[in-house]
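Peer 1: Here is how the chains run, residue by residue.
2 protein chains.
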Amino acid sequence: MPSPTAGRILSIQSHVAFGYVGGKAAVFPLQCLGYDVDVVNTVNFSNHSGYGRFGGSRATAAELAKMFELMELNGLLLCERLLTGYVPGAEALAAVKDLAIRMKQKNPELIYLLDPVLGDSGKLYVSPECIPIYREALQYSTVITPNWFEVEVLTDTKITDPASLRKALRVLHETYHVPNVVISSIPLKVWLRAALPSSAQPPHTTNTDADFLACIASSTEGTPGSEGGTAPSAVHARCIPCLPGYFSGVGRGRCSRRRPGRHQTVTTTARLSAHFQHSNYQHLKASPPLTSTAKPLGTSSLPRSAQSHLVRVSLRTNPFVWRWISVRSSLK
Amino acid sequence: MPSPTAGRILSIQSHVAFGYVGGKAAVFPLQCLGYDVDVVNTVNFSNHSGYGRFGGSRATAAELAKMFELMELNGLLLCERLLTGYVPGAEALAAVKDLAIRMKQKNPELIYLLDPVLGDSGKLYVSPECIPIYREALQYSTVITPNWFEVEVLTDTKITDPASLRKALRVLHETYHVPNVVISSIPLKVWLRAALPSSAQPPHTTNTDADFLACIASSTEGTPGSEGGTAPSAVHARCIPCLPGYFSGVGRGRCSRRRPGRHQTVTTTARLSAHFQHSNYQHLKASPPLTSTAKPLGTSSLPRSAQSHLVRVSLRTNPFVWRWISVRSSLK
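Protein chains in written order, with the numbering used here: chain A, 1 to 332; chain B, 333 to 664.
It is worth saying that the hints were derived from the structure and are not from the lab.
Backbone N, C-alpha and C define an ideal beta-carbon position, used for all residues, glycine too.
Misleading hints may appear alongside valid ones.
Label-pair ranges, simulated between beta-carbon atoms [to be verified]: (1) S121(A) <-> L405(B): 23 to 29 Å; (2) G387(B) <-> H236(A): 41 to 47 Å; (3) I433(B) <-> W191(A): 45 to 51 Å; (4) A62(A) <-> S459(B): 21 to 27 Å; (5) V190(A) <-> L405(B): 27 to 33 Å; (6) K158(A) <-> I433(B): 52 to 58 Å; (7) R385(B) <-> H236(A): 43 to 49 Å; (8) K438(B) <-> H236(A): 36 to 42 Å; (9) L73(A) <-> Y457(B): 20 to 26 Å; (10) L405(B) <-> R238(A): 38 to 44 Å; (11) Q139(A) <-> E404(B): 44 to 50 Å; (12) S531(B) <-> K106(A): 28 to 34 Å.
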């Protein structure tokens with residue numbers, strides 16, 4: 001019988017009754033991969049705010065702190081992996097950050113995936129007081145998954161060319177000591193396309209920014225000369241075509257302007273296929289971690305009902321990145 | 333593409349961060365079966381109350397009513413099936429009951445599984461004011477899943493012999509108009525054992541009450557002469573051996589006295605095996621419903637990680653009964 005801590009994940013994110021975002025998007029796929037997931041809901045909303053109306057309750061800082069304290073007192077903070085997403089307000093966010101610090105101090109091997117939910121497309125959707133709290137939390141993370149706007153906010157750097165992108169990554173790695181950064185989406189502007197190696201570029205038949213998003217991963221782990229050299233990290237990029245599509249569960253109203261559904265659908269699908277791509281592991285000549293409980297699955301080994309459910313569920317960034325960081329960890 | 337309402341379930345139950353009870357026990361198996369599950373958390377607790385300490389927040393009646401209203405206004409009350417479990421307090425329970433009434437009036441075909449969570453082993457663990465609210469809700473249910481104590485409370489009938497058991501079932505079917513009753517557990521006392529047909533009896537080598545539990549299902553649907561006759565329902569029974577075991581997620585302290593782990597472990601396992609028993613469907617000479625999204629699965633078709641997860645997860649009553657009522661519906 002596996003130990004109760006093996007691969008156990010504590011997920012602290014939003015919950016919606018209807019739709020698949022936050023914890024509703026992340027937990028089911030992780031459970032399908034064999035992880036035991038402890039789930040703390042930072043909000044309990046009817047649906048994503050992208051619908052015209054939404055409501056429900058937000059956990060207060062005191063409620064979250066009390067819950068973490070009780071889990072600790074009961075000996076139930078058993079997880080080896082921590083995943084945090086949207087937390088409502090600076091005080092509640094500070095309670096989550098304090099937990100992350102305690103857990104990291106207790107177990108320096110903790111894998112902490114921090115999704116610094118601040119905003120998108122040039123607009124904050126949390127209080128500005130959250131920014132310094134996220135900045136303080138960064139040093140405890142193993143991997144972070146900001147979008148391009150969140151990178152700009154965290155690093156105070158406008159990303160307008162390869163130099164500013166490199167600077168932002170360097171700030172995250174060197175000033176904030178984040179070993180792994182995944183920029184979950186960044187529009188493929190002309191300057192970014194030109195900076196990519198030809199093998200990572202999309203076909204030249206498309207010309208507009210809106211046709212592709214890039215996903216950029218940057219890691220200092222296992223990189224020679226990573227301390228202050230000119231090549232501080234290994235950077236991987238992948239372009240994702242934007243196709244028209246419907247992204248279930250995040251609304252059709254205001255949301256479709258702020259977070260275009262067509263982007264997210266395809267991002268999701270691309271990540272899903274990346275996640276299940278067996279060759280992702282084979283070429284590494286290393287077993288993925290947790291083989292006994294979280295085998296990489298060919299989609300054909302999933303029951304058809306679960307497959308269709310997985311495809312319908314938005315995986316957002318988390319499980320893909322989770323696997324990615326797992327693979328990286330196995331190479332150390 | 334299946335319609336968004338096909339097989340969609342709205343689950344209104346408790347949530348615990350750690351462990352598998354309430355929604356944490358029911359939702360994952362239902363998702364694995366291909367259902368889209370909308371999830372309203374009636375409480376957000378750190379863990380089951382069986383641990384020495386627990387805490388978190390309870391949804392108020394106003395919060396629940398607002399959430400249901402918003403889902404309705406957004407056109408998101410799409411489910412064809414409703415599943416309700418623990419609701420904290422009479423006012424919040426009334427809000428859930430009101431929703432069930434509205435949904436049933438809007439869609440008379442709604443399948444409503446009502447788990448009337450009142451108490452166990454002779455003790456209430458909710459306010460007595462909940463009792464009349466559950467009694468009022470019963471008429472809207474398709475199937476209810478009380479334990480023996482909850483049957484006693486709802487029907488105001490002490491179950492001490494076959495006559496009182498029959499009377500309690502008759503009250504549920506005839507006074508409260510519940511078409512399907514599953515008594516999820518009842519100790520196999522001498523009188524109950526004697527009342528069972530020999531094919532349903534456990535071996536005679538065991539003598540104590542504590543060795544077996546019975547699960548009793550009683551249905552008026554499709555039963556000739558069900559209106560006021562002497563045989564008001566078709567009754568099925570199954571005995572479940574009690575073996576020592578550990579029931580993960582409901583604590584080790586007070587709980588182990590109030591809700592013996594050894595009972596629940598085996599109940600869970602028995603239900604799990606019943607649930608996945610392909611022959612359950614084959615002998616009916618009818619396809620189970622929702623074949624496109626919720627096929628009955630041989631466990632061998634599940635990935636090993638999901639299998640072990642399913643076994644670790646307590647299914648409690650819900651998915652088994654859910655399938656049971658689905659099978660019954662397909663025979664209508």
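Peer 1: Please go over all the hints and tell whether each is borne out by the structure.
Peer 2: Going down the list of hints, with the structure as the test:
| no. | hint | result |
| --- | --- | --- |
| 1 | S121(A) <-> L405(B): 23 to 29 Å | 27 Å, holds |
| 2 | G387(B) <-> H236(A): 41 to 47 Å | 43 Å, holds |
| 3 | I433(B) <-> W191(A): 45 to 51 Å | 60 Å, violated |
| 4 | A62(A) <-> S459(B): 21 to 27 Å | 25 Å, holds |
| 5 | V190(A) <-> L405(B): 27 to 33 Å | 44 Å, violated |
| 6 | K158(A) <-> I433(B): 52 to 58 Å | 56 Å, holds |
| 7 | R385(B) <-> H236(A): 43 to 49 Å | 45 Å, holds |
| 8 | K438(B) <-> H236(A): 36 to 42 Å | 51 Å, violated |
| 9 | L73(A) <-> Y457(B): 20 to 26 Å | 22 Å, holds |
| 10 | L405(B) <-> R238(A): 38 to 44 Å | 40 Å, holds |
| 11 | Q139(A) <-> E404(B): 44 to 50 Å | 45 Å, holds |
| 12 | S531(B) <-> K106(A): 28 to 34 Å | 55 Å, violated |
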